[in-house]
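Participant: For the protein sequence lines, the chains are A and B, in the order given.
Going by the numbering used here, 119 is the number at position 119 of the first sequence; the sequence numbering is gapless.
Going by the numbering used here, 90 is the number at position 90 of the second sequence; the sequence numbering is gapless.
Mixed in with the good hints there might be a few duds.
Stretch-level coverage of chain B by chain A, calculated; a stretch enters the list once three of its residues show a Cβ under 8 Å from a Cβ in chain A [said to hold, decoys possible]: (1) 26-39; (2) 62-76.
In silico negatives: residues of chain B with every beta carbon more than 12 Å from chain A [claimed, not checked]: (3) Ala21; (4) Ile52; (5) Glu93; (6) Gln94; (7) Glu95; (8) Gly97.
FYI, nobody ran anything at the bench for these hints, they're computed from the structure.
Glycine residues also receive a C-beta, built at the ideal position from the N, C-alpha and C atoms.
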Amino acid sequence: VNEPTASSATGIYVYGVVTSETPTALFAGVGGVHASEPTTLIRDSGLAAIAGHVRLDEFGEEALPQNLRDAAWLEAKVRAHDEVLAAAVGHTTVVPFRFGAIYESEAHVRAMLAERRDLVDALERLSGAVELGVNAYLDRERLRTRRAAERSVPTEAGSGRAYMQRRQLERALDDEVGSFAGEVAHASHERLASTAEDARLNPVRPAAGVGPGDMVLNGAYLVPVAREKELRAAVAELQERYADDGVLYELTGPWPPYNFVEREQA
Amino acid sequence: MGTPAQRMGTLPGRRDSAQLADVLERVLDKGIVIAGDIQINLLDIELLTIRIRLLVASADKAREMGINWWEGDPFLRQGRGGKGLEDRLKRLEQEAGIDEADEQDQ
């Protein structure tokens, strides 16, 4: 009756790597994608894989494609993946893996660590740095109202000339608001990047229809832990500069440097 | 450092959805792709990421309406066990009279 079945078989999920000196205790109490299994470190060749056992009836080749289409499952697992890596952020350098690196055995994880020497370089390159995210949103209506107020609006209601002037004003405002979105994104990214070792500009996410407006900036910045304050100050400065124009900044992180490992892609 | 919620900056009102969009984008679309022993179809993940990117933008709105952010997408609405789409397909096939018995008759 206690025969192992296919459903109780396990695999090893790997979240990312840290240096081999990293204490396992850093991940004590962090649940991971399979909450009942402890998160541990598998060490080899100067690297340590942040890892945990997962059941193959949840993460195996058969179950995974189906589970990936279950939004509630996916959201929970993606958050768990990030939480494990977040436990190391600020304590040691982390090289984050994308969701879904799953191995059959510890031996295979070790083999990967021995083989991927580029991960050692990545740890070196990213040493002591964290990623901060800055999102900016533009309230177009607010900007439009403000810009309209700055102009003299024709008052002779009803006259043909006033009508034409209003039409021209509307068109000018459309253009202004459109180009402002681009300008504010460019200026913000440049200012934020000046405080960072490296920077990435990601595509803005589509408008939600609610909240602070349309996303105009989706930036990621690699900063040494000690210089995090400078980037935070730059965000505060930008917020003050553009608040009246209807721009709202949002700072996220510190994150593991997810946006700064594309060089290591196989 | 603590949980992602504690790691967040300003805007307490938008924390959940912003966090969701930001986490999904990073964990599914960034980070090193490592081919482990379990083969995941990365194209599937890419398509998934695109769908999610469109959906999480309206996560706030969905929550305001008291529904989950993925409700608008049948692909992502399958629930645990993933039977939703298959069941619907089977029902539609039955309604259309194209079930297995018919196929065998032909």
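Participant: Indicate, hint by hint, whether the structure satisfies it.
Facilitator: Status of the hints after comparison with the structure:
{"no.": "1", "hint": "26-39", "result": "holds (count 14)"}
{"no.": "2", "hint": "62-76", "result": "holds (count 7)"}
{"no.": "3", "hint": "Ala21", "result": "6 Å, violated"}
{"no.": "4", "hint": "Ile52", "result": "8 Å, violated"}
{"no.": "5", "hint": "Glu93", "result": "20 Å, holds"}
{"no.": "6", "hint": "Gln94", "result": "22 Å, holds"}
{"no.": "7", "hint": "Glu95", "result": "23 Å, holds"}
{"no.": "8", "hint": "Gly97", "result": "28 Å, holds"}
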